[in-house]
Amino acid sequence: MRAFEPLIDLCMDAGVGSPELESLVRALFVRRARDRLIRGMDRRAASDVRVALATGVHRNFVREILADEPGTLPIREARRPKSARLLEAWHSNLRYLDSSSRPRELPIRRAGRDPSFAELVSRYLPGVAAGAALSELRRGGAVELLPDERVRPRTRKLKNDGVDAGAIGEAARTGAHVLQTLFGRLSDAESRQTCEEVGPISLEMIKVPLALNVIASRTRVFVQALRAELDALARPKGGQRQRARHKVQLGLTACSWTLHP
Amino acid sequence: MRRTTSSADVVLQGLATELLWATCHVLRSYGLSAEQLRLSALTALKARKVAPVSGRVLRDYRAMGNLVFKWMCDSSYVDDAGRPRILPLHGRRPSFGALAKQFFPGRPLREVLKLAYAAAEIEERSGRRVALIGGCTVDLAGNPEATLAHSVRHVIQLLSTGQHNFSVAQKGHGIRWTDRMVNRVIEAKSWDKVVAEIRPQLADLIDRTDRLLQPQERAALRSRQKKSVVGVGVYLFQEDAIQRAGVENRGT
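Same order as they appear, the protein sequences are chains A and B. The first sequence begins at 20 in our numbering and counts up by one. The second sequence begins at 839 in our numbering and counts up by one.
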């Protein structure tokens, strides 16, 4: 039951009521059952009756649900690609990183030969004024303006504007990946999907920001290194002709969590 | 070390020459003359012990590293987002003055600040305040003595690790210390990309090790038991002499 709690929180934030959620879940249940039955029947279509038996939903409703295939939520388009390019450079170009390879806080205007936000904008958003770029990035929650005319990067990507269809779609996909692994491991003792966990660790409130920073920093480095390693594995070897082979998608999701008593 | 065959002797002699050659080559680049090197070599050959100059040179940098570590990792020195606070120069904890007093007892604040601006990622802010804008790393590159002292520490630690491992292997028991190296030939144009990829991982490893060892050091400094310095030294290197590195131009 607890797996549904975050979903219910989200529905309440998005103004989705219980009857609407129930009908969505029922429809999803029916389609998922149909897909599973097809897989188990040498890809032959499963009859409405069979799906009704498997799900406990009346066959008339099953027919109705299956006749009306849903449009999945669109994958969020890469928004504001130019700003994204600037953020990517800020998080990866050695000139804009500190000794620990974290993106530096930058003064807005150039001071001597040191890097500045204005320089970053002129290199990665040519033709855009530093002030305009700053406003855009602040609106996207990616940077923070500090006293003394300095800018601190907060995230590598522009944040979502809030609970909208695209954002929910993204969160749902990530959530589905995590649940697929967790539940898959329950039913398949041989599952090779990884699930490692740290905690729960009881921590004084005053130390929570430090702990979250440590988690964020370790995760960022680990994920970045893993991405590079998997990219190298996925790349075709030089000179070899690519044969059409069956491919799957795989990945890793790392999330931290905090529980308040 | 046990001597086996004369051909092994020849190899050992060759390795000694190579090590001394590389050392002399680097020392000359720091401005030491051939005569100075000769005198140092003679002293080194005769003396059973030499003055621990490297540790002395690095003492202040180590203290600065500890100061920055506390600024980053002590909950009273970080803000609500877990980032190092901007500190007033003077006043009671949390202040830069309080940190300076703890890690540089008896030293004028002005002197500590000068070192902080030169070696750590610390910047002056309006209203007689200072900000830590980077990581825990202390930068020695602006000071030739400190840079060389740091290299000397690396070399001594590396040689003693190798010697220890050899000795354990000879005895057939004991725990080897860790000494790992990996190298590959890459195109020179890929160097920046490799640095960008590896640097965060090395910084992360050092940061994790520091956080693991720091509480143990606190306890050890209060203890009367035998103590030793332990640590991890990492560096990313580039070597143009491919043959000297023992890498042949074969497929992998």
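Hints were generated in silico from the structure; no laboratory data involved. As the structure is a computational prediction, the values presented were derived from the model and not from experiment. There may be inaccurate statements among the hints.
[To be verified] Part of the chain A face toward chain B, derived, beta carbon under 10 Å: (1) GLU124; (2) ARG128; (3) LEU164; (4) LEU165; (5) PRO166; (6) ALA186; (7) GLU189; (8) PHE202; (9) VAL227; (10) LEU229; (11) VAL240.
Idealized CB from N, CA, C, for every residue including glycine.
Hint check:
Here the hint on A:GLU124 is kept, as its CB sits about 5 Å from the closest CB of chain B, short of 10 Å. Look at A:ARG128: its Cβ only gets to about 15 Å from chain B, farther than 10 Å, so that hint breaks. Annotation: interface hint on A:LEU164 violated; nearest CB of chain B at approximately 14 Å, more than 10 Å. Given hint, A:LEU165 at the interface with chain B, holds; its Cβ is 9 Å from that chain's nearest Cβ, closer than 10 Å.
For the restraint placing A:PRO166 at the interface with chain B, the shortest Cβ-Cβ distance is roughly 8 Å, inside the 10 Å limit, so the hint holds. Restraint check, A:ALA186 versus chain B: the minimum CB separation of about 23 Å is more than 10 Å; hint violated. The closest approach between the C-beta of A:GLU189 and any C-beta of chain B is roughly 24 Å, which is over the 10 Å cut-off, so the hint fails. Evaluation of the A:PHE202 hint against chain B yields a violated restraint, the C-beta minimum of about 32 Å exceeding 10 Å.
Here the hint on A:VAL227 is kept, as its CB sits about 8 Å from the closest CB of chain B, short of 10 Å. Because the smallest distance between the Cβ of A:LEU229 and any Cβ of chain B comes to about 5 Å, under 10 Å, the interface hint for this residue holds. The beta carbon of A:VAL240 is positioned within 10 Å of a beta carbon in chain B (closest approach about 4 Å), and the interface hint is therefore held.
This entry does not satisfy hints 2, 3, 6, 7 and 8, going by the numbered hints stated previously.
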